[in-house]
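Taken in sequence, the protein lines are chains F and P. Be aware that the first sequence starts at 1, since it is given in this note's numbering, and climbs by one per residue. Be aware that the second sequence starts at 236, since it is given in this note's numbering, and climbs by one per residue.
Quick caveat, the hints were computed from the structure, so don't treat them as lab data. Among the clues, some could well be false.
Selected chain F positions facing chain P (Cβ under 8 Å, derived; list incomplete) [to be verified]: (1) His73; (2) Gly79; (3) Tyr82; (4) Pro84; (5) Ile90; (6) Glu97; (7) Gly102; (8) Glu104; (9) Lys157; (10) Leu198.
Keeping only pairs whose Cα atoms sit at most 27 Å apart, straight-line, the calculated BS3-like set for lysine-lysine is [stated by the list, open to error]: (11) Lys329/P to Lys56/F; (12) Lys416/P to Lys56/F; (13) Lys7/F to Lys222/F; (14) Lys114/F to Lys329/P; (15) Lys128/F to Lys27/F; (16) Lys134/F to Lys494/P; (17) Lys128/F to Lys115/F; (18) Lys389/P to Lys493/P; (19) Lys114/F to Lys493/P; (20) Lys7/F to Lys157/F; (21) Lys157/F to Lys115/F; (22) Lys114/F to Lys128/F; (23) Lys493/P to Lys112/F; (24) Lys226/F to Lys174/F; (25) Lys157/F to Lys222/F; (26) Lys56/F to Lys157/F; (27) Lys174/F to Lys128/F; (28) Lys157/F to Lys494/P; (29) Lys54/F to Lys493/P; (30) Lys54/F to Lys329/P; (31) Lys115/F to Lys494/P; (32) Lys389/P to Lys157/F; (33) Lys54/F to Lys605/P; (34) Lys222/F to Lys174/F; (35) Lys112/F to Lys389/P; (36) Lys134/F to Lys605/P; (37) Lys329/P to Lys494/P; (38) Lys493/P to Lys134/F.
Every residue gets a Cβ at the ideal spot worked out from N, C-alpha and C, and that includes glycine.
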Amino acid sequence: MTLLEIKGMNTYYGESHIIRDVDMSVKSGEMVCLIGRNGVGKTTLLKTLIGLLKPKSGEILFDGNSINRTAPHNRAKSGIAYVPQGREIIPYLTVEENLKLGMEALQGGLVKNKKIDTFIYELFPILKTFLNRKGGDLSGGQQQQLAIGRALLGQPKLLLLDEPTEGIQPNIVKDIESAVRRIINERGIGVLLVEQHLHFVRQADKYYAMQRGGIVASGPTKDLSKSVIENFLNV
Amino acid sequence: MQLIVESLFNGIAIGSVLLVAALGLAIVFGLMGVINLAHGELMMIGAYSTYVTQLIFKLPAFQQFYNSYIIVSLGVAFLVSAVVGIVLESLIIKRLYGNPLETLLATWGVSLILQQFVRSVPLAYGTGLIISLIIGLGLPIILPKNLFVSHQSKFFRLGIWSISVVFGLLTANGLSSAISKLGRSSSRNVDVTAPSWMRGGIEFWDITFPVTRLVIIVITIISVIAVSWFLNRSIWGMRIRAVTQNRSMSECLGISTKKVDILTFAIGSGLAGVAGVAVSLLGSVGPNVGANYIVGCFMVVVLGGVGNLLGTIIASFGIGIMTDLIGAGRLLEIWPEMPSSIASTVNFFATTSMARVLVFALIVVFLQFKPAGLFPQKGRMVEG
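Only chain P is shown next, with the shape it has when bound in the complex:
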């Protein structure tokens, strides 16, 4: 009993990391049909923004709130990754809708650029850039619309962007002088230390549940509930569903499909940022942290059935539990008197990397029989 609970918990923990990472991709790839290879780098940006938030909370002014930085960083990571996603969509992906191959190559290029960016640019300046983007993109939404209709609208735009650049530079300079770690560029991995309440574990039935894992599971549950509420209950969610099912008719009904595209992509990217927070709790954060997850994310989305949230959930927990069963050699623990020939095979796969190999091989076999995944649905590939 204890063994099963422990195994199940570990599987769910692995699965929830996969799920929270794949959730954004389920929207971007599953609903919009965009193959975004830079999705992992959006996670990486989320992880780095957790790191920056943590360092800011270590400053004397915020020290007393230090323990709550992880909650703040969830919002920060969502916002930062969403903004990067908006820029990515409106500069590159928008022009490539309907060309999956070109999208794949372009976003792969973007992922390399982003990886190099965090290596060569000091994080303080990266933060400054993000701040100016947030102000520059955000102010036009907050300010009254009629400012932008008049013939002086060009000056308004110019004014807003100059304000945002000034703010960005100020933040960059302030951060790099206040926190010396952020002032230098470095390609070394950084560590996010969990606040004290997240260290250790909770004892229950003689099993220790590590709090970080529990927090990740909670983050995942909240994200899943928020996403499904948003997609199924909110007005924008209805617009998104309408556009993904019939783009031209939605446009004819009065929905601005361009706005819907940007918003959908922003939310998918923002969720990647949230996944970045979860990932930063598990290990050190480096430029390659996202690349380790991207294949797994695509596997989850494809296995679950493209465009199906429930499928994504079941697929990620399925993969998580399988990985734990195989990777930790649970079969041997459950059945100790196994014949030695089978036992050696089980042992052979009882490492994390070999478990991944076996699980992916099993997925490939599964997809031979059900190419559309667990829950096939008539989806849409983005039309021109």
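One chain only, chain F, in its complex shape:
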């Protein structure tokens, strides 16, 4: 089932045209990877999907409904979770409070949902030991785990991940990879991943390659050729 469909989307940052006529689709239970060099507009694309930026033209369909005019918090409630580049943990809130904020996206918000689902501690055991620490005091890797855990607590149908392994020590990268894989298998959610890390890219089912704001190549990840990798990844 197609979960997310983008048709002819164009986005501007002020005057500059960033996203050019992008068509893309993500199915439930599928991991889609968006690759491309720095500054081609991958983050802008994700920001448009969550609603922080408004597309100038084109259509975004989520679960069959157009969400072009939906505010970000309502997109979150309808089942899109966003893990931004730089993680954006709320710095002076504790880890526990940060996790709870993830549950705002559930039906009824925090008022109806009080208990943190313990599967999050199975995925990222480190979070349980740091529950009372301030989010801003965690290391980069821990913050990344927190950000993903927070996103998953909203039980999203679609997870947007922006460079989750950027600047993170290799053993945590492995944890994050397996956690994402596990969630897709167990819950059948769709994942749209922006990634530079080749090992993670290879885990995806499908790839889209971006250049100057447009999609220039796509296909199953197993067909990713060496030349495409050299062209679109900073390796």
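Following the hints, put chain P in place on chain F, whose structure we already have.
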């Protein structure tokens, strides 16, 4: 010993008025980063609503409860100022987030409008207006939500507002005929008389503690505890903290930042109303009553460190005790055989207004060394 206790008590009393007045501003300016120059006028509205509540309690029907009017007026003042704050936020300030200069000018304009409003409009009609706003804004929250989704929602809204206008007019007419004082417009100051149990003082160690001051201290303590509980323990408090620290991410997590903005502003304004009750106990209430406090409030918030509740508390008590030490010439009492040259200087500053001058000068000097206040914290100025 007696001297120290008395001095400390006076300082705490002055400080608690400052604190309760600055508490709302600590939320609006400290957390949201909105420079609201109409904050003093929200206090003024709180003070006037205390006056109106008092007059209503003098009516024969409520006479027997007269002594408890001050407790009722705390809730009334909070509600009234909060509603005015909601209107202010959604009509003006919402459009100016991220433009501090424009916010400053616009809210200053609002403060002048509000001052003139209480001068030229009879209080009964002001009360009627507030009642219609409360009904008009409150009914949509109470009624089931699905009424507003259907295509007839426009008629529902129209219906609610017409009901509220009718109620407002009825209240205005009723009040102006029942209490003639409220029926006329007047720019003269009015007096809130404290109920009998609040007059006089409590003797303790040969020192008299005036009950009004004690009541203000109690109001302050309750407000501080309520605010810190709300911000740190409640769900909405957590949402407010999240939004003030990272607005766009909070929105992406499913928090309606617009709702949080309105609520935060409403609570800050409501606290200004509570401060208005405290102020009305200290002196007469006039259109300018809030303007006398606004500078002090900003000083307290800046000195305490913007966005820091504990800093605000310490700063206001610090300023209160300093003001009393200097203003009442306590130094001379503590050290009578002071050399005459110093004694004359101390005497020179031993008036309320000169004490204020000296305290503000000291704050300015202090801020030269610690520009971010006592407890600097990485705060947020509102982003667009």
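Going through the hints against the structure:
For His73/F, the interface hint holds, since its Cβ comes within 8 Å of a Cβ in chain P; the closest pair sits about 5 Å apart. With a least beta-carbon distance of about 10 Å to chain P, the hint placing Gly79/F at the interface is violated under the 8 Å criterion. This hint holds: Tyr82/F has a C-beta 5 Å from the nearest C-beta of chain P, less than the 8 Å allowed. Interface restraint check for Pro84/F: the shortest CB-CB distance to chain P comes to about 7 Å, inside 8 Å, so the restraint holds.
For Ile90/F, the interface hint holds, the least distance from its beta-carbon to any beta-carbon of chain P being 5 Å, beneath 8 Å. The criterion of a C-beta within 8 Å of any C-beta in chain P is met by Glu97/F, whose closest approach is roughly 6 Å, and the hint holds. Among the interface hints, the one on Gly102/F holds; its C-beta lies about 6 Å from the nearest C-beta in chain P, closer than the 8 Å criterion. A hinted interface residue such as Glu104/F counts as satisfied when its beta carbon comes closer than 8 Å to some beta carbon of chain P; here the least separation is about 4 Å, so the hint holds.
Below 8 Å, beta-carbon pairs count as interface contacts, and Lys157/F has none with chain P, the closest being about 14 Å; its hint is therefore violated. For the restraint placing Leu198/F at the interface with chain P, the shortest Cβ-Cβ distance is roughly 28 Å, beyond the 8 Å limit, so the hint is violated. Only pairs whose Cα atoms come within 27 Å are accepted, and Lys329/P paired with Lys56/F is accepted, the gap being roughly 24 Å. Restraint check: the Cα-Cα separation between Lys416/P and Lys56/F comes to about 59 Å, which exceeds 27 Å; the hinted pair is violated.
A threshold of 27 Å between alpha carbons decides the hint, and for Lys7/F with Lys222/F the separation of about 25 Å falls inside it, so the pair holds. Of the supplied pair hints, the one linking Lys114/F and Lys329/P is violated, its CA atoms being roughly 31 Å apart against a limit of 27 Å. Among the hinted pairs, Lys128/F with Lys27/F is inconsistent with the structure: their alpha-carbon atoms are about 32 Å apart, more than 27 Å. With a C-alpha separation of about 25 Å, the suggested pair Lys134/F and Lys494/P falls inside the 27 Å cut-off, and the hint holds.
Using a Cα cut-off of 27 Å, the hinted pair Lys128/F and Lys115/F holds, with the two alpha carbons roughly 13 Å apart. Under the criterion of a C-alpha separation no larger than 27 Å, the hint pairing Lys389/P with Lys493/P is consistent with the structure, at around 22 Å. This hinted pair checks out: Lys114/F and Lys493/P have alpha carbons roughly 23 Å apart, not beyond 27 Å. Distance check on the hinted pair: Lys7/F and Lys157/F sit about 20 Å apart at the alpha-carbon level, within 27 Å; holds.
Annotation: proposed proximity of Lys157/F to Lys115/F holds, straight-line Cα distance about 20 Å (limit 27 Å). Simply put, Lys114/F and Lys128/F have alpha-carbon atoms about 16 Å apart, close enough for the 27 Å limit, and the pair holds. Of the supplied pair hints, the one linking Lys493/P and Lys112/F holds, its CA atoms being roughly 21 Å apart against a limit of 27 Å. Between Lys226/F and Lys174/F the alpha-carbon distance is near 23 Å, which keeps this suggested pair within the 27 Å criterion.
For a cut-off of 27 Å, the pair hint linking Lys157/F to Lys222/F stands: about 25 Å separates their Cα positions. Proximity of Lys56/F to Lys157/F is assessed by CA-CA distance (about 25 Å); at most 27 Å being required, the pair is judged to hold. The straight-line distance between the Cα atoms of Lys174/F and Lys128/F is roughly 19 Å, inside the 27 Å bound, and the hint therefore holds. Between Lys157/F and Lys494/P, the direct Cα distance comes to roughly 25 Å. Compliance with the 27 Å bound is thereby established for this hinted pair.
This hinted pair checks out: Lys54/F and Lys493/P have alpha carbons roughly 18 Å apart, not beyond 27 Å. At roughly 20 Å between alpha-carbon atoms, Lys54/F and Lys329/P fall within 27 Å of each other, so this suggested pair holds. About 24 Å separates the Cα atoms of Lys115/F and Lys494/P, which keeps this hinted pair within 27 Å; it holds. Between the alpha carbons of Lys389/P and Lys157/F the distance comes to roughly 34 Å, so the proposed pair goes past 27 Å and is violated.
A distance of roughly 42 Å separates the Cα atoms of Lys54/F and Lys605/P; the hinted pair therefore is violated under the 27 Å criterion. Between the alpha carbons of Lys222/F and Lys174/F the distance comes to roughly 20 Å, so the proposed pair stays at or under 27 Å and holds. About 30 Å separates the Cα atoms of Lys112/F and Lys389/P, which puts this hinted pair outside 27 Å; it is violated. With a C-alpha separation of about 25 Å, the suggested pair Lys134/F and Lys605/P falls inside the 27 Å cut-off, and the hint holds.
Note on Lys329/P and Lys494/P: the hinted pairing holds, with a Cα-Cα distance of about 11 Å set against a maximum of 27 Å. For the hint pairing Lys493/P with Lys134/F, the CA-to-CA distance comes to about 26 Å; that is within 27 Å, so the pair holds.
Hints 2, 9, 10, 12, 14, 15, 32, 33 and 35, counting from the list given before, are not met by this structure.
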